[in-house]
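Take the sequences, apply the hints, and build the full model.
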Amino acid sequence: MKLCRYGAAGAEKPGLIDAEGRIRDLSGHVADIDALAIGQPGLAALGEIDPASLPLVEGEVRYGACVTGTRHFVAIGLNYADHAAESNLPIPAEPVVFNKWVSCIQGPNDPVTIPKDSLKTDWEVELGVVIGTRASYVSEADALSHVAGYCVINDVSERHWQQERGMTWDKGKGFPTFGPVGPWLVTADEVGDPQDLSMWLSVNGQKLQDGNTKTMIFTVAEIIAYCSQFMTLEPGDIITTGTPPGVGLGQKPEPWYLKAGDVVELGIEKLGAQRQDFVAWKPAA
7 MKLCRYGAAG
17 AEKPGLIDAE
27 GRIRDLSGHV
37 ADIDALAIGQ
47 PGLAALGEID
57 PASLPLVEGE
67 VRYGACVTGT
77 RHFVAIGLNY
87 ADHAAESNLP
97 IPAEPVVFNK
107 WVSCIQGPND
117 PVTIPKDSLK
127 TDWEVELGVV
137 IGTRASYVSE
147 ADALSHVAGY
157 CVINDVSERH
167 WQQERGMTWD
177 KGKGFPTFGP
187 VGPWLVTADE
197 VGDPQDLSMW
207 LSVNGQKLQD
217 GNTKTMIFTV
227 AEIIAYCSQF
237 MTLEPGDIIT
247 TGTPPGVGLG
257 QKPEPWYLKA
267 GDVVELGIEK
277 LGAQRQDFVA
287 WKPAA
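Counting with our numbering, you get residues 7 to 291 for the letters of the sequence shown.
Honestly, the hints are just simulated from the structure, not real lab data.
Backbone N, C-alpha and C define an ideal beta-carbon position, used for all residues, glycine too.
Treat the hints with care, as some may be off.
Once the Cα atoms are required to be at most 27 Å apart in a straight line, the calculated BS3-like pairs of lysine-lysine come out as [claimed, not checked]:
#1 K276 / K258
#2 K258 / K213
#3 K265 / K220
#4 K213 / K126
#5 K126 / K258
#6 K126 / K265
#7 K288 / K177
#8 K122 / K177
#9 K213 / K265
#10 K220 / K276
#11 K258 / K177
#12 K288 / K126
#13 K126 / K177
#14 K122 / K265
#15 K122 / K288
#16 K177 / K265
#17 K19 / K177
#18 K276 / K213
Pair ranges (Cβ atoms, derived) [what the hints assert, rightly or not]:
#19 H35 / P289: 37 to 47 Å
#20 P117 / N218: 43 to 53 Å
#21 S142 / P98: 22 to 32 Å
#22 P289 / D56: 16 to 26 Å
#23 S204 / S142: 50 to 60 Å
#24 S204 / G27: 14 to 24 Å
#25 P98 / A58: 46 to 56 Å
#26 Y143 / D283: 37 to 47 Å
#27 G267 / P182: 15 to 25 Å
#28 D56 / A279: 25 to 35 Å
#29 E260 / D56: 13 to 23 Å
#30 D31 / E260: 42 to 52 Å
#31 V285 / G27: 25 to 35 Å
Structure follows, in structure tokens:
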């Protein structure tokens, strides 16, 4: 299944994408695409619904983040060897773990605000993993059974704050609007092997990232098992799993970064695509 949340920000409704790519309204069956809906009983119940029986959503609508109620937005850095090389950093012996603040989560096509006085706002297409059942001290062999589904994430990053303002990456990763998530949560059974999905990203129509999840250093199963050793992953939590090469930081002969007016488009095989207009920061009215 492809699940989504659609409508005005703060008033999204749950939806299902039918075989023709149209949104069907799920609000008669679930309150939202949340921890209850994406748990194993919830997904089983949704799977019994005939999409044709659901009201069709007409016209253009906004997609919200494809899951709500996320408590942890965990991120993995340097998880592609060629991205580590372009960042002039060694391949890690263990997953590099940091946080994106849940307050940065937004819809996949909402504008992204370049932070006040930003010097190095960058892009990163990443595979997102949405947890469906609680995971604590799980084995690698059992890890994927805790996954509800997968989604597209742009791990927007401000490199100056990430790398030059102390030793913690988190400060450069969670600015408001830095977490576009969606458009869909595609259930694990429909995705199949998460380690063989093509992914891409372009800026102003120029393709800059063109990779595949098969080149991850640490697989999705390894990441879930690893993180579950020191935290409890809850239904609705999101793990974003790293990016292939081609980010602004790694551009040759010189790095270059996003500015107001730039348009970023990105997508992952089976999971849909995103589009963001990057806009200048403005003080609150």
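Results for each hint:
1. K276 / K258: violated (31 Å)
2. K258 / K213: holds (14 Å)
3. K265 / K220: Distance of about 31 Å is beyond 27 Å: violated.
4. K213 / K126: holds (19 Å)
5. K126 / K258: Status holds; Cα separation ~15 Å.
6. K126 / K265: holds (9 Å)
7. K288 / K177: holds (20 Å)
8. K122 / K177: With a Cα-Cα distance of about 14 Å, the restraint between K122 and K177 holds, given a limit of 27 Å.
9. K213 / K265: holds (17 Å)
10. K220 / K276: Cα-Cα ~15 Å, so holds.
11. K258 / K177: Roughly 26 Å separates the two Cα atoms, so the pair holds.
12. K288 / K126: Measuring from Cα to Cα gives roughly 18 Å; hence the hint holds.
13. K126 / K177: holds (13 Å)
14. K122 / K265: holds (12 Å)
15. K122 / K288: holds (8 Å)
16. K177 / K265: holds (19 Å)
17. K19 / K177: violated (31 Å)
18. K276 / K213: Answer holds: K276 to K213 is near 19 Å, not above 27 Å.
19. H35 / P289: 37 to 47 Å: Between H35 and P289, where Cβ atoms are some 42 Å apart, the hint holds.
20. P117 / N218: 43 to 53 Å: Once the Cβ atoms are compared, 29 Å apart, the range 43 to 53 Å for N218 and P117 is violated.
21. S142 / P98: 22 to 32 Å: Distance hint for S142, P98 holds at roughly 23 Å.
22. P289 / D56: 16 to 26 Å: At 50 Å between Cβs, range violated.
23. S204 / S142: 50 to 60 Å: Violated: the Cβ-Cβ distance is about 32 Å, outside 50 to 60 Å.
24. S204 / G27: 14 to 24 Å: Between S204 and G27, where Cβ atoms are some 19 Å apart, the hint holds.
25. P98 / A58: 46 to 56 Å: holds (48 Å)
26. Y143 / D283: 37 to 47 Å: Since Y143 and D283 have Cβ atoms about 43 Å apart, the given range 37 to 47 Å holds.
27. G267 / P182: 15 to 25 Å: holds (19 Å)
28. D56 / A279: 25 to 35 Å: Between D56 and A279, where Cβ atoms are some 27 Å apart, the hint holds.
29. E260 / D56: 13 to 23 Å: Check failed, 55 Å falls outside 13 to 23 Å.
30. D31 / E260: 42 to 52 Å: holds (49 Å)
31. V285 / G27: 25 to 35 Å: Holds: the Cβ-Cβ distance is about 28 Å, inside 25 to 35 Å.
In this structure, the hints that do not hold are numbers 1, 3, 17, 20, 22, 23 and 29, in rising order.
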